[in-house]
Amino acid sequence: MANLLNHFILRPLMMLVLFVGLGKCLLVVAADEFPLGNKSIYLKDNNGKEFPIGQVSFNSGGNGVIAYELNMDTERFKDFFLSMKEMKCLEGKEIWCFIPYPYKHSRTVSASDLRWLEHDLLFMFKTPTEFGANLWNGIYYDMALEGDMIHGTARAIDLNHISAPPEDLATPPYGEADIDDLETATRWLPFIEIR
Numbered sequence: 001m002a003n004l005l006n007h008f009i010l011r012p013l014m015m016l017v018l019f020v021g022l023g024k025c026l027l028v029v030a031a032d033e034f035p036l037g038n039k040s041i042y043l044k045d046n047n048g049k050e051f052p053i054g055q056v057s058f059n060s061g062g063n064g065v066i067a068y069e070l071n072m073d074t075e076r077f078k079d080f081f082l083s084m085k086e087m088k089c090l091e092g093k094e095i096w097c098f099i100p101y102p103y104k105h106s107r108t109v110s111a112s113d114l115r116w117l118e119h120d121l122l123f124m125f126k127t128p129t130e131f132g133a134n135l136w137n138g139i140y141y142d143m144a145l146e147g148d149m150i151h152g153t154a155r156a157i158d159l160n161h162i163s164a165p166p167e168d169l170a171t172p173p174y175g176e177a178d179i180d181d182l183e184t185a186t187r188w189l190p191f192i193e194i195r
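So for the sequence shown, our numbering puts the first residue at 1; every next one is plus one.
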């Protein structure tokens, strides 16, 4: 009887405790590897010229989660009235408009998952001669943590995808199937850097 108890109850229970404990350790390690604190956000053109657009503050939220707070430097943007809506835009070779993600979410990231931050830094581009907002010309910066910096490359999205709330507000709505590569050489600000 003691053998059965040990084999079918105690051993699996010990494995579960070990597994949960290791999982917590891995979360703590992931949090320790993430560069916490205040960082500046730069958009970059193809020649490496930087355009500072804001700051983000990363803080450990406990349980291995990294919480962030985003502050855009709106005074660096120019006001454009496009398609009956005021937008904050950068003006250069193209008009590059910041599109705030419109739905409440956790504002959390990890070293391997920056999707919510990517969703909070959406843009739309248009040429200076185009009229109105072209929401199908959306920009999604695909980001990755590299050392103590976050680098990202612009990819194409249709911003109409978020014109209505997603069914699951806890999951970032843009997935790989919704994002396309674009020719970075043809875009004004194809790179983002957070440091």
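In short, the hints are calculated from the structure, not lab data.
Among the clues, some could well be false.
Below 25 Å or equal to it, Euclidean Cα-Cα: the simulated BS3-like pairs (lysine-lysine) are [as the list claims (entries may be wrong)]: (1) K49 <-> K104; (2) K39 <-> K49; (3) K39 <-> K104; (4) K88 <-> K104; (5) K85 <-> K39; (6) K78 <-> K39; (7) K49 <-> K85; (8) K78 <-> K44; (9) K44 <-> K93; (10) K104 <-> K93; (11) K126 <-> K39.
Cβ-Cβ distance ranges computed for the label pairs, FRET-style [claimed, not checked]: (12) E91 <-> G48: 33 to 43 Å; (13) G92 <-> N63: 15 to 25 Å; (14) K93 <-> E167: 14 to 24 Å; (15) A170 <-> E146: 24 to 34 Å; (16) N160 <-> P128: 18 to 28 Å; (17) N63 <-> N160: 27 to 37 Å; (18) S40 <-> G62: 17 to 27 Å; (19) M84 <-> N63: 17 to 27 Å.
Here a beta-carbon is modelled for each residue, glycine too, at the ideal position from N, C-alpha and C.
| Tell me, which hint numbers fail for this structure? | Result: hints 1, 5, 7, 10, 11, 12, 13, 14 and 19 break, sorted rising.
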